[in-house]
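Put the complex together from the two separate chains, hints included.
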Amino acid sequence: MPLFRLTDVTRRWKGVDALKGISLDIRAGETILLAGPSGSGKSTLMRILTGALRPTSGRVEVNGVDLASMTPHELRKYKRTCALVEQGNLLVPQLNVHRNVLVGLLANWPWHRVLISALWPLERERVGALLSDLGLGDRQWELTANLSGGQQQRVAVARALISSPMVIVADEPTASLDAAHAVQVTQMMVEAARKANATLILCTHWVSLAIPYMERLIGIRDGVVTVDCKAGDYREDDKAELVDEDSRVAGSMGRP
Amino acid sequence: MIPKPPSRRGRITAYALVALSVALCAYASGVRLGPLFDAAGTKSALELLHGFASPDFSNEFLWRIATLSLESILIGVLATTTAAVLGVVAAFFIIKVPNLEDSPERAPFRDALGGVFRFVVRAVLTLFRSIPEVVWAFLFVRMIGLGPGAAVLAITVTAAGIFGKLFAELAESVEPESIRALRRLGVGRFGILLHGVLPQVWRQWLGYSFFRLECSVRSASILGIVGAGGLGTEIALSTRYFEYGKLATTLLAVLAFVIAIELLSKVLRRQSFKWTLGFALVGSVVALIRLPIPWSEMSVSKLVPEWITAGGGSETAAFVWKALKLAAQTVAMAWCATWGAAVIAMVLSPISAGTLSRRSHGGDMVVGRHGLGRAMSWLGFALSRLFQQACRAMPELTLALVFIVWVGPGSFAGVLAIGIHTIGVLGRLYSDVYEDVDPGSVTAIENTGASRFAVWLFGTLPQVAPRLLAFTLYRFEVNVRATAMVGFVGAGGIGGEIDTAISLFHGVDLLLLLAVLYALVVALDFFGDRVRQRIVRTRSQSTRDALVRGASRPLPGAKEHRRAERFARAKPVVFRAQGAPDHFELGTIRSQSAVGVFIETQTPCPKDTIIEFGATLSTSDGEAPRPDPASVIFGRVVYVREDDAPGMGVELLEPNAETAASDERAGALGSELGEAEA
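Protein sequences, first through last, are from chains A and B. Numbered as in the numbering used here, the first sequence ends at 523 without a single skipped number. Numbered as in the numbering used here, the second sequence ends at 1473 without a single skipped number.
Mixed in with the good hints, there may be bad ones.
[Unchecked claim] SDA-like cross-link-like pairs, simulated, lysine to any residue; straight-line CA separation at most 20 Å:
hint, chain 1, residue 1, chain 2, residue 2
1, B, 799, A, 404
2, B, 799, A, 390
3, A, 344, A, 380
4, A, 344, B, 1246
5, B, 799, A, 405
Think of the hints as simulated: they come from the structure by calculation, not from any bench. This one's a predicted model, so the numbers in the text were calculated from it and none came from an experiment.
Isolated chain B, as found in the complex (with noise of 0.2 Å):
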C-alpha cells in the first residue's frame, strides 16, 4: 500500500494567485508593449541612442562632471558615517534583549516606561525611512536653501531610519545563551548590549553599513533634481534641454564612481576595522570642509517652516480619496515591477553565478565542456554581470528620467525605471544565493548525467528557493518606497503629487500625503515580516537558520566562517573532550554560523568544555573512530540541549599552533576527504 502524496492544491493556488495579481497590477499601471515601440518610441528612442553614442568630452564638461561626482560621494560618505553613529545609537535604546526571562528584580513602572520610550523611538525612525529621501530633500531645500547640505541631511535622515531598524534586527536574532549567562551573572541592560549582543553582530552592523554607503552615493548622484547638489543637477538640465550627449556623459560618471565605492568597500571589508574607520573620518571631515553647507540656516525655526503648519490645500475629503488612490497605484506598479524584475533575474542570476555557468562543483570531467562552450559560457557571465551591474548602479530616478524621455511621463515609465534598478538588485541577491548553495548534493545529480536543467530544477532551486522568495518580497518592500520618488519627475504613484504639494506650499496636503505613505509602509513592514516568516517556518528548521544567517550575512570572507563551512560538507564529525583519554564520540553538524557549529550527538559534553572535533576519518574494521588530523578544531561547549534531539553548540576557537600546522598538512594528506571538499 503506497501513502497517498500530500495535497498541493494550496500552493498552486499561491502560484496562479501571484501571476494574476501582477497581471493585473501590470494592466492599471499602464504597461503596454505599444509606447515603447510606435512611431513616437522609436524616435525618443532612438534620439536617446544617437546621444548615447557621441558623448560629450569636452574638457570643460568632463571637469564639471568629475568636481560634481566627487561632491556626490562626499555628500554620500559625510551621510552615511552620521547615519550610521545615529542609527547605533538609535539601536542602542530599541533593542529587545533576545529570548529574556524577565529582569530578575522587576520594575514595572520602569519597564513600561521603557516599553513606551521603544515604541516612540521606533516610530520616529519607521517616520524617517517611509518618506522617500527625495522628499525629504526637497523639503530640506525648502528649509535651507538650495545644495549639497539639503542631500546631506535627508540621506542622513532615511539612512539613519534604516540603520536603526535593521541593526536592532540583527542584534535581535543573535545566539541567546551567551546573553542568558551574562544575565544569569546579574549584568544590566548596558552590559549585556556591549558584552552580550556587540561582539556578535557589529561585523554584521558594519557589512551593511558599507552596502547602504553603496546605496547612498547613488542616490547623492540624483537628489540635485531638486537641487540638493551633486550630479543630480546636471541629470535633470541635460534631460530638459535634451543634451542626451551631455546625459550619457553624466550618467557613465554615476556608473564608474558606484563601481568604484563599491571595489572601495569590498577592499574595506577585508581590512581591519581600522581602516574603515580610518575613511569614515576623512572622508567626513574632507567633505565638511568641501561642502558648501550653510550651518547658519539650521535653526529650529528655519526647520519647521511656518508654511508646513499653516497649512493651506485642497478639499479634504476629495483629496483623501485621491491620495489613497495614488498610494493603491504606487503599490500596484512596486508589485509588477517586483516580479518582472524577478523573473528576469532568475534567469540571468544563474548565468552569472560562477559556480553554475563557469565552473561545475565537481570533478573536471562533470562540465566537460572544451573550446567554444566554455568561451560563450564565459561571455553569458561576464555580459549577465555586466548587464545586472549597470542596472544596480543607476538609480531609479535616474532611469526614469530616462525612460519618460523614451516612453513619456505616467506610471509605465516608473514601472521600468523600478524594474529594471531591481533586475539589477535581485539578480546580485540572487547570485550570492546561488554560490552559498552545497554543492556535494548538486554534484550527485550531475554525476547521474542529468541535463542542467535539471540539475538546476532538483538539485540548486530547492535549495535556494525559501531565500529567492524572501528576498524578493522584501525587495517589494524597498521597491513601494521607491515607487513614491519616481512620481517626483512624473513617473507615476504618489510622488507627483507630494512634489506639487511641497512647491505650492500646501501644508494639509502634505502632511496628509505623507500620513498615508507612512502608514503604508508600516502596514507593509508588519504583513512582510509575517508573510517572510510563514514562508520561511513552512520549510525545515535547516533552512530556516540558513535564512535567518543568509540574511543577515553581508559579510564575506569572515575568517571564522569559512572554518565552519569547511564542516558543513563533512557532516559525521568525532569529538572528545580536549586532555580526555584518547576516546572520541560520533555526532553529526546539524547547522553552522560564522562563530560556532550545533553538534548533535547522543553524549555530548558539559558546558564550557573545550573541546577538539574533526571529520571523521573512514575507520576500518572495529577501529574506533578518530578524526582526520587535517580538520581537528578546538571550540568551547557553549550551550547543552537535552530534548529529543540531543547535542551541544560549540563556539569555535581560534585555532592554536596545532591545528594551524594540521591545517598546513592538509593539502599534503591528500585524502580522500579533501578529495571530496574539492
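Same shape as in the complex, but just chain A (with noise of 0.2 Å):
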C-alpha cells in the first residue's frame, strides 16, 4: 500500500482553482523533488498533504485512510509524524534558536514538560547537535530576530528535522541561501530522510542544484501533475516544463 494516494484531489481558493485534479500514489520512503511554475500549486499539495489544508474534493488517503474522516484528534497524531518547512521560515523572532528548534518536538510532550521547557532549556545536546551539523553550533542561545534571513532558514529546517519526522515536507527551504548552503541542506535532509526511512517532498525553483540527491521528479502546473518520473530522466531541456516560460527571456539576471 502506498503512503499517500490522492485521487482526483481539488483545491479551490477565492474562486481560482489552485488544484485541478491531482491523482498521485507516493511510496514510504521516497525522496520527491517537486517543481513547477509559481502559483501551479506546489505549496497548496504540501500543505494538503500535511494535513494543513483540506481539499474541495477527492480524496487524501494516508496509509489506506482517508484524510477526510479523521477526528480532530487523530488528525494531529497525524501531523505530528509530519514536518511542514514553509515557505518564509515562520520561526518566533522573539525566542532564541534553542527554544524555536524545541516547537518541533513540543507535539510529542505533556503539559508539563512544555511549561518546563519554557522555563529551562531542555533537551541541549541533542538541539545543538543538529545546529552544529547545519553550521549554527554556535548560535544556539542568540535571539532568532538577530540571524540572518539564511540562517533562519536553516533552522526552520533544524526545527522540522528535530522530532524525527516520517513525512518531511520542505516548501522552498533553500530560497534565500547560496548554493553551497543550499547543497549542505538539501543533503542533509536527504540523509535524514534516508537514515528514518522517512518520505520527503522538496519544493525548489532551484531544480538542477537538487536533482542529484533525489529518487522521483515531479511536475506541477496549473493545477495538474505534468511530469512523473524518475529523477534520472530529468534531463535540461525538461526544464521548460518545470519553470515559467520568461524564465528563459530573463536570462541571468539577479539571483541564481
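Next comes the structure, spelled out in C-alpha cells:
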C-alpha cells in the first residue's frame, strides 16, 4: 500500500482552482522533488499532504485512511508524524534559536514538560548537535531575530528535523541560501530522510541543484501533474516544462 | 562542544520577587477569603443578589434615571471636549521636538526661559492629573456649590492633565526624519509642530481622546456621590438606604450608556474627522444649555476659598507620618489588585481574543473543531467578552460602594473594586495585543500538531510578553491614582483622609495629603517610565518597535496601516525606482508603521526617490526577481541608513489608479501568496 494516495484532489481558492484534479501515489521512503512555475499549486499540494489544508474535493489517503474521515485527535496525531517547512520559515523572532528548534518536539510532550521547557532549556545536547550539523552550533542561544535570512531558514529546517518525522515536506527551504549552503541543507534533509526511512517531498525552483539527490521528480503546472518520472530521467530540456516561460527570456539577471 | 546557555537566575529571581511582594501587599491590605464568605458576608451578598434580581422598573424612577444618565453623558462630552482643546494647547507648549540638534541660531537665554516655562507647564499638568477626579469634584462642590458644574470642572482638569502629557509623549516619539528636513530648511518651532509633528500624530491624539471620552462618561456617572450631579447621587442614596433594587437599575443604566458611548466612538473613529468635530460641538452646546452650571460662582475669590489658605488641622508631625503610611497602603492596594487582575485577565484574554479561540490563523483544518467544541469556544468567547465589558463599564468607586456592602468598609473592599475594574481594562488591552500577533509563526507551530497550550506558550506569548508586561505596569500607575479615590467611600487608602480634610475644612491637612499624593504620582511616573523602557530594551529591536507602536496605536482601521500590514507578512520584497529600467533590487521589510516601512537592502535608492515595491514572486531557476503584481505599492524614500544594516525608510504613498486596479486583481490571481496570507 502506498503511503499517500491522492485521488482527483482539487482545491479552490477565492474562486480560482489552485489544484484541478491531482492523482498521485507516493510510497514510504521516497525522496521526491516537486517542481513547477509559481502559482502552479505546489504549496497548496504540500499543505494538503500534511493536513494543514482541506481539499475542496477528492480523497487524500494516508496509509489507506482518508484524511477527511479523521477525528481532530487523529488528525493532530497524524500531524505529529509530519514536518512541514513552509515558505518564509515562520519562526518566532522573540525566542532564541534553541527554543525555536524545540518547537518541533512540543507535540510529543505532555503539558508539564512543555511548561518546564519554557522556563529551563531542555534537550541541550540534541538540539546543539543538530544545529552544529547545520553550521549553526555557536548560535544556539542567540535571539532568532538577530540571525540573517539564510540562518533562519536553516533553523526552520532544524525545527522540522528534530522530531525525526516520518514525512518531511519542505517548501522552498533553500530560497535565501547561497549555492553551497543550499546543497548542504538539501543533502542533510535527504540523509535524515534515508536514515529514518522517512518520505521527503522537497519543493524548489532550483531544480538542477537538488535533482542529483532525489529519486523522483514531479512537475505541476496550473494545478495538474505534468511530469512524473525518475529523477535520473530529468534532462535540461525538460526545464521549460517545470519553470515559468519568461524565465528563458529573463536570462541570468538577479539571483541564481 | 556545545555552548552553555546563558544564566536565567536574574529572571527567575525577578519572578519570585514580584510574587512575594504581591503576596505581602495582599496580606497587608487585608485581603482574606473570610469576609467574602462568612455569615455576615454571605448575608449581605444575598441581599445584594436579591435586589439585583428585582430591579426597580417603576415609571417615575426610570424617568429619573434617564434624566440623570443624560446629565452624566453631557458632563462627560463637555468636559472631554474642553480638556482636549486645553490638552492640545498645553502639548504645543511642552513638546520637546524629538531628536533635534540645537537650532541653528542659538539663543541661550530664550532657550533657558523656554525650558523653565515647559517645566512649569509640565508640573501643573502633573498636579492636575495626580489629584483624583473625585477630590477635584468635592473641592469644586465646596467652591461653586452642588450640581453638575463641579463634575464638569473636575473631569476637565484631570483629563486636561492627562491629555497634555500623553499628547506630548506621542508627539515626541514620531519619526524624526521629516522634522530634520524642516529644521534644515530653517522652519521655526511652531512651523515644525504644525507641519512636521501634527500630521503624524493627530490620528493618535484623536484615538486617545475617544478612549478618554469613555473614561470621562464613566467618571461622570459616579461623581454624584460628592454632590456633583449625574447618576452618582442615585447610586450613593440607594446603597445608603439599602435599596438594592434601585441600585440594580442604576447600574444597568451605567452599563447601557457606557457601552453606548463605546459603540458610538467606534463608529465615529471610522468616519471622517468632520463627524467627530460635529459630535463634540453639538454635545458641548447641548451640555452648556442643559446643565445648570453656576457661571456666576466661578470667580477667582470663590475658586480659592479662604479656608484652604487659612489652615487649621491636626498636629502636623504625627499627621505627616499618618499621610505617609496611608500613601504606602494605597500603593500596596494598587499593587496587589493590579497583579491579581493581571493573572485573571491573562486567563480570560486568550479566550476573548478572536484569533486565539474562535478561528484559527491557519488553514481550515488546523482547529478541526466541530459541533459542540465550536459552540463551547464561541460561548467562552462571548461570556468572557461580556464579563470584561461589564467590569470595565463600572467605575472603581461604584464597585467600591457595592463591595463595601458585601465585605464591609476597609481596604479589602478597595482592592476588590480596583481589581475587578482592572480585569476589564487589562482584559481588553491584552486581547488587543493578542489580536496583533503575527499569525504565520503561530500557524507553523499549530501545524506540528502541538497542543493549544504549547502553541500559546511558544508561539503567542513570546511575541506579546513585553507588551503585556508594559501594559500591566502602566495600569499599576493608573491604579494608584484610582486607589486614592476609593477612600472617599470608605474603601481604604489615602482618599478617606482627604475626604475628612475637605469636609472639616482642614486646609493644612488637605495640602499636605495632596502634596504626598503628588509626590507619589511623580515618583511613579519617573520610575515607571524607566522600568518600562528597560523591559522593552532587553528585547530585540523589532519588539521594541512593536511596543512603541503598539502603545501608541489606539486607532484601528487606518487605511495606511492595513496596507503596511499586508507587507509585514510578506517579508522579502523587491523594489525599483519608479521609471527605472525593468530591474528590481532585493530587500527585506524589517519594520513598519502606519505611514511607512523600513526596507533593509544593500542597494538603497537615494532620498526622495519614488519607488515601487512588492512581495517577491517566487521565481524560477535563473530568473530575475520581480514583484507579485497584486501587491505593488508606491512609496517615497524618506531616509537612507548606511551603517551595518543598510536600508531605507519608505513612506507609503496613496495608491494610484494602477495599483488600485491590481488590488482588485489580487483575489483573482489566487496566487500562493494570497493563500499564505489567508
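Task: Hints violated by the structure (numbers, ascending) - done: none
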